[in-house]
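Listed in order, the protein sequences are those of chains U and G. Yeah, the first sequence ends on 361 if you go by this note's numbering, and it's all consecutive. Yeah, the second sequence ends on 648 if you go by this note's numbering, and it's all consecutive.
In silico DSS-like links for lysine-lysine, alpha-carbon gap of 25 Å or less:
| id | chain 1 | residue 1 | chain 2 | residue 2 |
| --- | --- | --- | --- | --- |
| 1 | U | 350 | G | 430 |
| 2 | G | 592 | G | 470 |
| 3 | G | 510 | U | 48 |
| 4 | G | 394 | U | 59 |
| 5 | U | 55 | G | 401 |
| 6 | G | 434 | U | 350 |
| 7 | G | 470 | G | 559 |
No lab work stands behind these hints: they were computed from the structure. It should be emphasised that the depicted structure is a prediction, and the values quoted were computed from it without experimental measurement.
Next come the chains, spelled out residue by residue.
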Amino acid sequence: MFVPKQIIVINVFVQPDIVLTFNLFEWDLLVRQAHRAGVLARLAFLLKAEGLYEKIPEKPLNHFNSAIIYIEQFTYTVQWELTLIYNALKNHNVPLILLKGAAYVQANNDAGKGRVFSDIDILVKKGQLKVAEKALSKQGWLFENIDKYDQEYYRKWMHELPPMRHFKRGTNLDVHHNILPLTSRNCPSADKLLANLVQVKSDGIWVLAAEDRILHSAIHLFYGGEFEHGFRDISDLDLLFREFSRHKGFWYKLLDRAVDIEQSEALYYAIRYSKLIFNTPISEEALDKVSTSLSGVRRYVMDFLFIRALMPDHESCDDQWTGFSRWVLYVRSHWLRMPMYLLVPHLLRKSWVRLTGKTEH
Amino acid sequence: MFYISIPPFDVQLETDIPAVINSINHMYQYALKPVEDTEKFSDFHIRIASPSSIRKYYRPQVQFYIDGKTPFKPLPLSQAFPFFEWGLNWCIASHTYQYLLLHAAVVEKGNQALILPGYPGAGKSTLCAALVSSGWRLLSDEMAVIDTKTLELIPVVRPISLKNESINVISESFSNAEFGESFLDTAKGTVSHMKPPKQSFIQRNQRVQLKWVVFPRYLATQSTLLTEKEKGETLIELAENSFNYNVLGSQGFNVLCDLVASARCYKFEYSCLDEAIDLFQTLANEQ
Numbered sequence: 001m002f003v004p005k006q007i008i009v010i011n012v013f014v015q016p017d018i019v020l021t022f023n024l025f026e027w028d029l030l031v032r033q034a035h036r037a038g039v040l041a042r043l044a045f046l047l048k049a050e051g052l053y054e055k056i057p058e059k060p061l062n063h064f065n066s067a068i069i070y071i072e073q074f075t076y077t078v079q080w081e082l083t084l085i086y087n088a089l090k091n092h093n094v095p096l097i098l099l100k101g102a103a104y105v106q107a108n109n110d111a112g113k114g115r116v117f118s119d120i121d122i123l124v125k126k127g128q129l130k131v132a133e134k135a136l137s138k139q140g141w142l143f144e145n146i147d148k149y150d151q152e153y154y155r156k157w158m159h160e161l162p163p164m165r166h167f168k169r170g171t172n173l174d175v176h177h178n179i180l181p182l183t184s185r186n187c188p189s190a191d192k193l194l195a196n197l198v199q200v201k202s203d204g205i206w207v208l209a210a211e212d213r214i215l216h217s218a219i220h221l222f223y224g225g226e227f228e229h230g231f232r233d234i235s236d237l238d239l240l241f242r243e244f245s246r247h248k249g250f251w252y253k254l255l256d257r258a259v260d261i262e263q264s265e266a267l268y269y270a271i272r273y274s275k276l277i278f279n280t281p282i283s284e285e286a287l288d289k290v291s292t293s294l295s296g297v298r299r300y301v302m303d304f305l306f307i308r309a310l311m312p313d314h315e316s317c318d319d320q321w322t323g324f325s326r327w328v329l330y331v332r333s334h335w336l337r338m339p340m341y342l343l344v345p346h347l348l349r350k351s352w353v354r355l356t357g358k359t360e361h
Numbered sequence: 362m363f364y365i366s367i368p369p370f371d372v373q374l375e376t377d378i379p380a381v382i383n384s385i386n387h388m389y390q391y392a393l394k395p396v397e398d399t400e401k402f403s404d405f406h407i408r409i410a411s412p413s414s415i416r417k418y419y420r421p422q423v424q425f426y427i428d429g430k431t432p433f434k435p436l437p438l439s440q441a442f443p444f445f446e447w448g449l450n451w452c453i454a455s456h457t458y459q460y461l462l463l464h465a466a467v468v469e470k471g472n473q474a475l476i477l478p479g480y481p482g483a484g485k486s487t488l489c490a491a492l493v494s495s496g497w498r499l500l501s502d503e504m505a506v507i508d509t510k511t512l513e514l515i516p517v518v519r520p521i522s523l524k525n526e527s528i529n530v531i532s533e534s535f536s537n538a539e540f541g542e543s544f545l546d547t548a549k550g551t552v553s554h555m556k557p558p559k560q561s562f563i564q565r566n567q568r569v570q571l572k573w574v575v576f577p578r579y580l581a582t583q584s585t586l587l588t589e590k591e592k593g594e595t596l597i598e599l600a601e602n603s604f605n606y607n608v609l610g611s612q613g614f615n616v617l618c619d620l621v622a623s624a625r626c627y628k629f630e631y632s633c634l635d636e637a638i639d640l641f642q643t644l645a646n647e648q
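If we strip away everything but chain U, and leave its shape as in the complex, we get:
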C-alpha cells in the first residue's frame, strides 16, 4: 500500500515543527509542492500560528511572503465582489448564500485562512433562479461563450447555471441550485440544505450549516472527478473536521445529517482520507459507524485510486499509477453523475470535439 509519508508538505501539516530540521533542499521541495497544491498561503499562516515563521530561511521566506501579499489582495477583492453580488440580488429579495471557498472565508473557518479560489460559488433557490440570473446579468455577469449544446446540457441536467464571468472585472461566478447534478443517483433535496442555513455576520450573507458545508466539500471532492486542487480540498476537510469537532455533539449531527441527505458514502471517504493523509483526530464512534460502508476489495481499490489522486499535482508526488488513478476517477465521476443513455452520447461528443480540435469554450 502506497502511504504518502514521504511527501514533505504532508509531513509539515501533520507536524509543523519538523521544518526546524530542514535543509535548503527540503525547503525547496516543500515550497514547490505547496505552491502546486495551492496551499502555500495556508502553510504560511500555519507556520505563523505555530511561531515558526521567523525560523524560515530567507530564500523560501520570499515565497511565503509573496503568497501572503497575494492572499491579502485576493481577500480584499473577494470582499468587494461579494458586496456587488449581494447588492445585485438584494433588490430582488434573493438571499446571498455562499458555498465552498467563499463560504469558508466569510464564516471565518480555519479552512478559509489563506484559501485561494478562482470562482465564487453561490446557491439560489430553484424558484428564484430566473430572477437571480436576470439580476446578475443586468449588473454585468455574463455567460461565457459556450456553445448551444453545453448551454442546454447545463440547464437540463446540471446543478448549476453555465459559468458566469463579469464582463469588466473578469471575475467568475457559479450559480448553483443544488450541490450535485440532478441526474446523479443520490442527488440530495436542495430544500433540506436551504432549511438549515446559517447567517454569517449580520449583513444577510448565508452559508450552509457546518455539517452541510463538510458534506458539500466531500461530495465535490469525491464525486467531482477533478483533482487539480484535490490536495487543497482534502486539507479543507481536515481543517473543517478539526474546527467543528470542538463543538459538542458535532459528530452525531454530522453522521445523522449524512444519512438524512444520503451522503454517507461521501462522508466515509472524507473521514477515511482526511485521517489517512493528515491524521485528523476523528471520534472513535464516528469511525466505527462509517467504516462498514465499503467492502474490503472495494476499499482497497478506492484507497489505491484516491490516495494517489489526492496528492499535490507535482511530479515529486506521483508514482507510475497517479495519472491512471486520476483518469479512472474522472470517468467514475461521469458514470455516477449520469445514467448510461446520457453518458455515452455526452462522452462521444466531448471526444469528437477534442479530436477535431474545436475548443469547447
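Got chain U; can you put chain G on it based on the hints?
For chain G alone, coordinates are given in the frame of chain U:
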C-alpha cells in the same frame, strides 16, 4: 543541470539542447554556480526540452517546463534560448509579489539609478544597451525590481534582448558589445542577446536608489529632446507598466508615490545614440 544565480532569484535549468547549453554558458558565464546537494534552493525549476510528439520527426519543437508544467505552446526548436528568456520573465512576473515589478530597463551611474520604462518599440532596450556599453552598470533590461520597504532597485542581471535593426545599431556602434546567436523569425522578429559586462555581474548584489525616470521614444528623424514630465502622469504610466501593481494594491500605490516624488521625471525623444549617451552623461554629472 545549470544553477544560475541572478539575485534575488536562483534558477535551476535542466536542458540537453546544445544551442541552449552554449547560450547559457556564454550569456550567464559569470552567474553560473556549483551547488551542494543540501543547498539546492531554487526559486524557479525550469526545463527546456523537446515535447514528446511525432512532430519532432518533421518539425522539431521546444517546450518550456516550469516545475513540470507547460504554461505556453511549444516553439520551433531554433528559438529554444529566447524561449528560456521569455519564460523566465514570465516566471518572475507571475510569482513575485514581495517586490514591485515594472516593465523597464534599469541602469546605474554614480550610485544612482535610471529607470527606462518601455512601451514596445519605444527603444528602451536599445538605449539600455548603448548606456551599458558606455560605462553605465546594468541592473536589468526587462524589469525594475523594487524593494517595497527601502524603495531600492534590486539588480536582476540578465542578457539584454535586442530586436531587428537595434542589433546592428549596437554591434556597429560599440566594439565592446558582445552578442550571442541571432534568432530569426521569432514572434518579435529577429532577436539577439547582448551579454552583460562582467562588472555588472560582479556588482549584482548592490542595490541602488532611484534618481531618474525617463520615458524614451525613438523617432527616426527626431533631434534629441529631453523634457520634464508631470509627476502625476509619470505615476499613472508607471502603474500601467507594472506587472504586479494590481496585486500589491494600496502598497503598490504608496511605493510608486514615494518613488516618483523623489525622482526626476522626463520624456525623452531621440534618434542619435551618441547624443543620447552624452546627454545622460551630463545628467549623471549634475549631481
